Amino acid sequence: MTSQNNIKNLVCPFCSIHCDDISVTTTNDQYKVHQKNTICAKKIESYNLNNKSLVMPMIGKKVVKLSEALKQISNLIEGHNETLILNHGVELAGLRSILNFASQRNCIIDHVGSKFLYQNIGVVQRTGYMATSLTETKNRADTIIVFGNEIFNKTPRLIDKVLVPKDSLCTESKKEIILVGDFSEKIVKTIKGKCNITNIKLDLNLINDFLKLLAANDLKSMKGLKKSELTKIKNILDKSKYLVATWTASDFIKTLNPNKIIASICKHIVDLNVSSRAACMPISGVLADATSSQALTWMTGFPSRIKHIDGTFKHDRNAFDSQKLIDEKNVDVVIHVSTINSEKLQINKNITNIVLGHPNTSFTSTPDIFIPVGIPGIDYEGIMFRTDNVVSVALKNIRDIKLPSAQNILDNLA
Amino acid sequence: MITQLKSGNIYDPHNKICNLKNDVFIQDGKIIDKKDVKSKVDKVINCSDKIIMPGAIDLHTHIGGGKVNIARLMLEEFHNEKEPGYDSSAIIAPSTLKTGLKYIEMGYTTCLEPALLPINARQAHAEMSDIPFIDKGGYALLGNDDYFLDLLRKKSSQSTINDYVAFILSATQSLGIKVVNPGGINAFKFNQRALNVDEKSKYYGITPREIVEKLTRAIYDLGVPHPLHVHCSNLGIPGNFLSTIETIKAANGLPIHLTHIQFQSYGNNGDKGFSSAAVEISNYLNKIENLTCDVGQIMFGQTVTMSGDSMSQYRNHHHAHPNKWMCMDIECDAGCGVVPFKYKDKSFVNALQWAIGLEIFLLAEDPWKVFLTTDHPNGAPFTSYPHLIKLLMDKTFRNDILSQLPKEILNHTILHTLSREYTLNEIAIMTRSAPAKILGLKEKGNLSAGSDADITVYDRNKKDIEEMFTHPSLVIKDGKVVVENGKIKEYVWGKTHTVKPEYDRSIEKDLGKFFEKYHTMKLDNYILSDDEMNRLIGSPVYVNDCKYKRKQ
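Protein sequence lines correspond, in order, to chains A and B. Counting along the first sequence from 1, when you hit position 260 you're at 260 in the numbering used here, and nothing is skipped either side. Counting along the second sequence from 1, when you hit position 191 you're at 191 in the numbering used here, and nothing is skipped either side.
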């Protein structure tokens, strides 16, 4: 029997903006997304069940009962030395359960996006900075400078929701958008009609030099940038009453010194505040990175990379780096918790891999054990944190495919 | 199950009981009257050499929300404490677990987060729900949000403002309303660097006085027990006692609570341009009936300041120790600033701040109007309360410390002339009965039949009062013994206290449009339901009564 249901205002769990204005029609266990931004619509729909979806637990390639899979996991953990729980994205309740499980079973916890997280956190821990949030940017920013293009791949609706919105509370003149880096024609075109746009195709390695020149009184040309272009940008910045600088840390990973780039942006913004207003708005990863760092921080004092030992825990951002632990074979079991990840999940050789993943999870090779779990915001309710770390959203439940949550599984195993 | 605390020396100021030997009976998490003990007493605890008080209440402590987490994140190098039984997080920015453990071990059973940003309420409650043992609640921040300022600019009626205030209380699951630097945080977003009480903000053309007037009136009309909780304009600025007095006047005689008043009681006399105005402020406190305050005492040592007052925190960032800080503009709602700071006993300014806080305590004629706080962690971590109590109860101890501070401060403070010593009963008032009363928590802060069995039992044989208050013999939460001789016996999880005055729901229609147009989330998603609090956030809601039915 077909039952159709129209849902307004779905809260999307799949990127760090967490838009809550998405209309969905569900028909039995399928759903269709009505959203102008086709990138987002396609992404959300890609989690629909299909004939490749894994809805039963598996040990290797063999379908098993859940109880059998759970028993096998318990035995595996008992018989091994070091277990890593690698978070690929889960909501607050799942995270609480990860922490509880880790404390019961003496595990290490890390998030796959920690290296990017630490680039932004590094500035907070070394110098601090001036920050802002999505709604402030939407309503108050008259000038926005975007460093790197990856930001629009990660958060496709950042443009229409925040940077160039239809309505804005306090900005009277046309917004100025400065794009620093190699942006597609499509992006430029999308922004162009709605505000003044300046696109500087600057090598991201040169951001530090670029900002130093802008701060100096005496402007001169630099590699890839004429003096006249710099003058134009400086004039825009000088006129700005509320400037926002935004970036995503993963964009800088291929540069020579990502930390230095982020530090120089933050310093530039801090300096502007001596006489004007300006703020930074880093965009976090799409795998519930903000949820993970926020909740772990309040529960332990540390945002990631902790190891539980007999009722207490230690933090070491180098020693408990998951990639390093795996590469150096300092862990023998990895429990991947992956409820919203659309990327192919890396299964590591010579290590036991257990995956608590959504049914459409794909792998580089077959994991030792797979338990399908529901998706927060699709299959069950939950809470996730937005990129600006100040707003959290309540995810809804729009389908019923009778799968447990990651929280259910971890609590059962603890 | 019935538990009897037998023959303790009881301090229960709410019931005018002071050092009276008696029993307390507990059943099903509540205190019961002796005459209602109908069955066998299951457990008798001998309290013959003990002092019994209701569980303590901290009405102003920053224990949850975005700024607390920024501090935890920023100050990672301080997360190296090695006290057995606790995690390594720093007491100036403790983990939620450590917060709960340290509070309960001192006999505190209810704590209020004073700066709950409405847009951040979901996080703040989620965070606080991970604090074990204690009951909690928060004051929602208003007075810097663009929606409210626009209501004032449009000359909206008091009734509309009341609807909005009531909506915020309900939607954010809060117990009260706080205003921080009225209008100043918003003005800072438009690059104003100061905003005095009668100065108009450049963008909205609204003065802090108007904001305080409207909000105190709204709280009064709605019958919300806790008066408007006010962090005044010009925090920390020498000479700010004048704007503090003007803020008091802005309430027009309606109830008003001034928070961390120590930071608001500064004169600007002397060659250093900094002096105590505690006498002037205390005169107001003593003569105005509807005025209450908490002190925000500072203690010497490292801490971290965190506040919604981004204007002040930006101004103070040059004093950061260690040298790092963060300020944030938040969601057309509010702001925040986190600045680590070290109070030094050799510093003239810090020493005088210490003295000013104590002056305010000692000059207060009525302990029901003054509450013991350090504005954790702004003045000092909450774990310094026993030390503060000793400073208040022991003038020799106090004067010994004063004698070690820079001598110049004696020209600007009268602390050395104050010989008052607080009594145990007065301490019980300011840490139990008075906060419960001012918050409207009828079942807290007293040992009446029907009240929550949140009880702290102290060893009266302990000679050092600081030690006595640091390590109670017994702490009972909701009728369960959770701490015994310093050891945790059982984990319990508290609830969230709220108040929900009635309002005209048509305000949500206008707000819905505002959210649709200007926010980046919908109003429906902004509102926290009781169900979400219970199931997803993890803290059931307890709705406290308003004082009366809405007046307007």
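Hints listed in this document are in silico derivations from the structure and should not be mistaken for laboratory results. Just so it is clear, the structure is predicted and the values come from calculations on it, not from any experiment. Heads up, some of the hints might be wrong.
[Stated by the list, open to error] One side only, chain A facing chain B, incomplete, derived with CB under 8 Å: (1) 9; (2) 136; (3) 302; (4) 383; (5) 389.
[Said to hold, decoys possible] As a list, the in silico DSSO-like pairs of lysine-lysine whose alpha-carbon atoms are at most 27 Å apart: (6) 166/A - 154/A; (7) 396/A - 495/B; (8) 8/A - 495/B; (9) 513/B - 8/A; (10) 487/B - 194/A; (11) 241/A - 202/B; (12) 487/B - 241/A; (13) 495/B - 241/A; (14) 513/B - 175/A; (15) 396/A - 154/B; (16) 42/A - 517/B; (17) 234/A - 202/B; (18) 202/B - 307/A.
C-beta atoms are modelled at their ideal positions from N, C-alpha and C, and glycine is treated no differently.
Checking hints one by one. Is residue 389/A an interface residue toward chain B, by the C-beta closer than 8 Å rule? holds, 6 Å
Straight-line Cα separation of residue 487/B and residue 194/A no greater than 27 Å? violated, 64 Å
Is residue 495/B close enough to residue 241/A, meaning Cα to Cα at most 27 Å? Judged against 27 Å, a Cα distance of about 44 Å means the pair is violated.
Are residue 42/A and residue 517/B close enough, with their CA atoms no more than 27 Å apart? holds, 26 Å
Does the nearest C-beta of chain B fall within a distance shorter than 8 Å of the C-beta of residue 9/A? holds, 6 Å
Does the structure keep residue 396/A and residue 154/B at a Cα separation of 27 Å or less? The given pair, whose Cα atoms are some 37 Å apart, is violated under the 27 Å limit.
Given the hinted pair residue 166/A and residue 154/A, is their alpha-carbon gap at most 27 Å? holds, 21 Å
Does residue 495/B sit within 27 Å of residue 396/A, going by the straight-line distance between their CA atoms? holds, 24 Å
What's the verdict on residue 241/A and residue 202/B, does the C-alpha distance respect the 27 Å limit or exceed it? With Cα atoms ~13 Å apart, residue 241/A and residue 202/B stay inside 27 Å; holds.
Can the restraint linking residue 513/B and residue 175/A be considered satisfied, given a maximum Cα separation of 27 Å? holds, 23 Å
Below or equal to 27 Å on CA atoms is what counts here, so check residue 202/B against residue 307/A. violated, 51 Å
Straight-line alpha-carbon gap residue 513/B to residue 8/A, limit 27 Å: holds, 16 Å
In this structure, the earlier hints numbered 8, 10, 12, 13, 15, 18 are contradicted, and the remaining ones agree with it.
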